[in-house]
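Once you have looked at the hints, place chains B and C on chain A.
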Amino acid sequence: MKFPSPLSPIHDALLTGAAVWNSADSLPPSVSQFDASDPQKAALLGVADHSHLPRAGVKGPGATGWLAELGLSLPSRSNSWLPFPDGGLIGRLGNTEYLIEGNAARVAQIMQTPRAPGVYPVLRQDAVFALCGSRVNELLLQTCNVDFRCLVADPTQLLLTSMAGVSVLVLVAGNKIHPVYRLWCDGTYGLYLWETLTGIAEELGGGGIGLDALP
Amino acid sequence: MKIMTCPFNGPRPVSEFFYWGEIRPMPDPATCSDESWADYIFNRNGAPGVKQEWWCHIASNTWFIAERNTEKDLVLRTYLFEEEL
Amino acid sequence: MPWRLLRFATTKKHPEPRMFTEHAELKPSYDVVIIGGGGHGLAAAYYLGRDHGITNVAVLEKGYIGGGNTGRNTTIIRSNYLTPEGVKFYDESVNLWQDLSQEFDLNLFYANRGHFTLAHTDSALRTMRWRAEVNKHYGVDSEVVGPDFVKRAAPMINLSCGHAPILGALYHAPGSIARHDAVAWGYGRGADMRGAEIHQQTEVLGIDVRGGKVCGVQTSRGYIATDKVLCAVAGFTPRILDMVDIKTPITIHPLQAMVSEPLKPWLDPILVSGSLHIYVSQSARGELVMGASLDPYELHSTRSTLDFVEGLSAHMLDMFPFLSHVKVMRQWAGMADMTPDFAPIMGKTPIEGFYLDAGWGTWGFKATPVCGKTMAHTIATDTPHPLINGFSLDRFRNYSLTGEKGAASVGH
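Sequence order for the protein chains is A, B and C.
Taking our numbering, the leading residue of the first sequence gets 955, the next gets one more, and so forth.
Taking our numbering, the leading residue of the second sequence gets 1474, the next gets one more, and so forth.
Taking our numbering, the leading residue of the third sequence gets 6, the next gets one more, and so forth.
The hints are simulated quantities; they were obtained by calculation from the structure and are not laboratory data.
Incorrect hints may appear among the rest.
Said to hold, decoys possible - Simulated crosslink set (SDA-like; lysine to any residue; CA at most 25 Å straight-line): (1) B:K1545 / C:F313; (2) B:K1475 / B:K1545; (3) B:K1475 / A:A1118; (4) B:K1475 / C:S309; (5) B:K1524 / C:R244; (6) B:K1475 / A:F1102; (7) B:K1545 / C:P301; (8) B:K1524 / C:R308; (9) C:K67 / C:D250; (10) B:K1524 / B:M1474; (11) B:K1524 / C:S306; (12) C:K67 / B:N1542; (13) B:K1475 / C:H282; (14) C:K141 / C:D127; (15) B:K1524 / B:R1497; (16) B:K1545 / C:L210; (17) A:K1013 / B:T1535; (18) C:K67 / B:A1520; (19) C:K218 / B:S1509; (20) C:K332 / A:Q1096; (21) B:K1545 / C:D250; (22) A:K1130 / B:N1482; (23) C:K252 / B:F1515; (24) B:K1475 / C:R308; (25) B:K1545 / C:R308; (26) B:K1475 / A:C1104; (27) C:K233 / C:R402; (28) C:K67 / B:N1518; (29) C:K252 / B:G1494; (30) B:K1524 / C:G211; (31) C:K252 / B:P1521; (32) A:K1013 / B:N1482; (33) B:K1475 / C:K332; (34) C:K332 / A:A1118; (35) C:K233 / C:L392; (36) C:K353 / B:S1509; (37) C:K233 / C:R199; (38) B:K1475 / C:L322.
Next comes chain A alone, as it looks inside the complex (with noise of 0.2 Å):
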């Protein structure tokens, strides 16, 4: 069985003249480069979009059982994440919820394998964002109340907050020096959020960017 992903939610912004595309990995195309100035503006304010990689949600009483029963490892404790040794990752939303992506693997395992009691799909259609670059402080104080920096100070942990007015998922990717914030969004509201986050980053001298731009 197949189970293609979809199109990116934002995926007619993104279809400009100067974008070159990804279409391998029999994925969903994804913007590899925006424009020649990519690595200029991943500088400075760099936004990307990853909403092309697979993904799969599971909640309910049973799920932690039945996921470790697939033989994951799963984070221990909520609102935290855990990267698998084999690409993506899998974060745990709450007590009794949980997030897969990037994983194609992964992804259709959860997907094929029958549930047991208590173990509830949930549709996960969302916008993914990563926000790189020098100034990304100066845009997260305009559209968000938490400070992202406490995620690079605990790299395991997820945080739940709202930018923009939008309810976001936000995990820290990248190093120390260069972090690389992750956020995820209802996917009706990314080309929202993406005009928003790539109109604040433009008057800070960045920019939408590709995927091989990102540190």
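Chains B and C in isolation, oriented as in the chain A frame:
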């Protein structure tokens, strides 16, 4: 900025929360009279005071209880429903 | 006028009478005691004297007159409501407003501006059409217009409004604004001239009810005997009703507003947007008077917040980007007494002689004249005025709510 403390996610601006009103015991709809049912669904304790209220942290969908003074706008305590059982 | 000024200059005794008589003492008894010296209470005192010859009336005010929601609203007057009860009631009020300056011999700065309720979504536009039809049926001037019409009436508007483009509007030509303090003062002076007494700094501490009948009122300045009490205290309603053990659905939410620095006249109509949570008009002084939606949780406080100014300013800039350098001068809040069906609670109560004029939430100012008139009738005859039949407290016992979706600053 007003701060509300989610028992799960910690202190956050009140704009991240949703208010669902005072906690009130529901009479049994099968046995209670029309009048006491109307009293339950419509009437409220509108006078100021310390009240126990349902609140929800929207970003994480965490429902919890806040004890709040509705005259002074002071949150005295927040806790999960399960913690009180 | 110059002659009067000259007279003032040449005398040591101030020859111009004050707006109202100050009464040193409360009388031991009155025919009617009105709790609350806002527009509604003073208007009731005025019409009791003018229409029903009842002048042995005391208006008790805890603070100063017009200091509550009468002085805290955004002064919009309109009648384009949704339910037949609402439309008939508010239309009568608009008619009363139009002669009020004349009647008081006091300039209320009543200005007919035209009122637009903007629709940013298809569903909002559907509600506008519905409201227009109900309004027309009852003879109220209301119509749905397109974005071009809005642009002509308010050329500075940005029709795309950020992420919420304007699809159309409900246009209500009689929509007006008035100076709110003057309304309280005008009614107060009119009632005073007819013999009613206004007692400021007089707090009600208890209501004496015996055998289901009102006998008197305990105040911070002594006891008053009376067998008729009108409660017209807006945000303090639940506290007064607790004294007589009457239960209602009223909950108190703050409603905030602010004004900008004065600008040259550029905005003629009154604009309201439910999606952006804005209502705005330009006052005679040139200030933009702006309001937003209700604060989302119960609070008995008139303190304003920074969140409110930030949120409302952001939405104002969506609609009028050129205002980005305009300063906000003042902000404040009023305590709105909200009901679940966005209609008021008016008329008699289970206690004989205790009358209620409450639940005026975010829509009370425009109703000031008609409330005074109908409540005066209700008190004088002990029978609810026909216009307020749909607003009785009983509707929450009989499951017969009104469902007024035309109210301001509430989401639908």
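query: Looking back at the numbered hints, which does the structure fail to meet, lowest number first?
result: Hint check: nothing fails, all pass.
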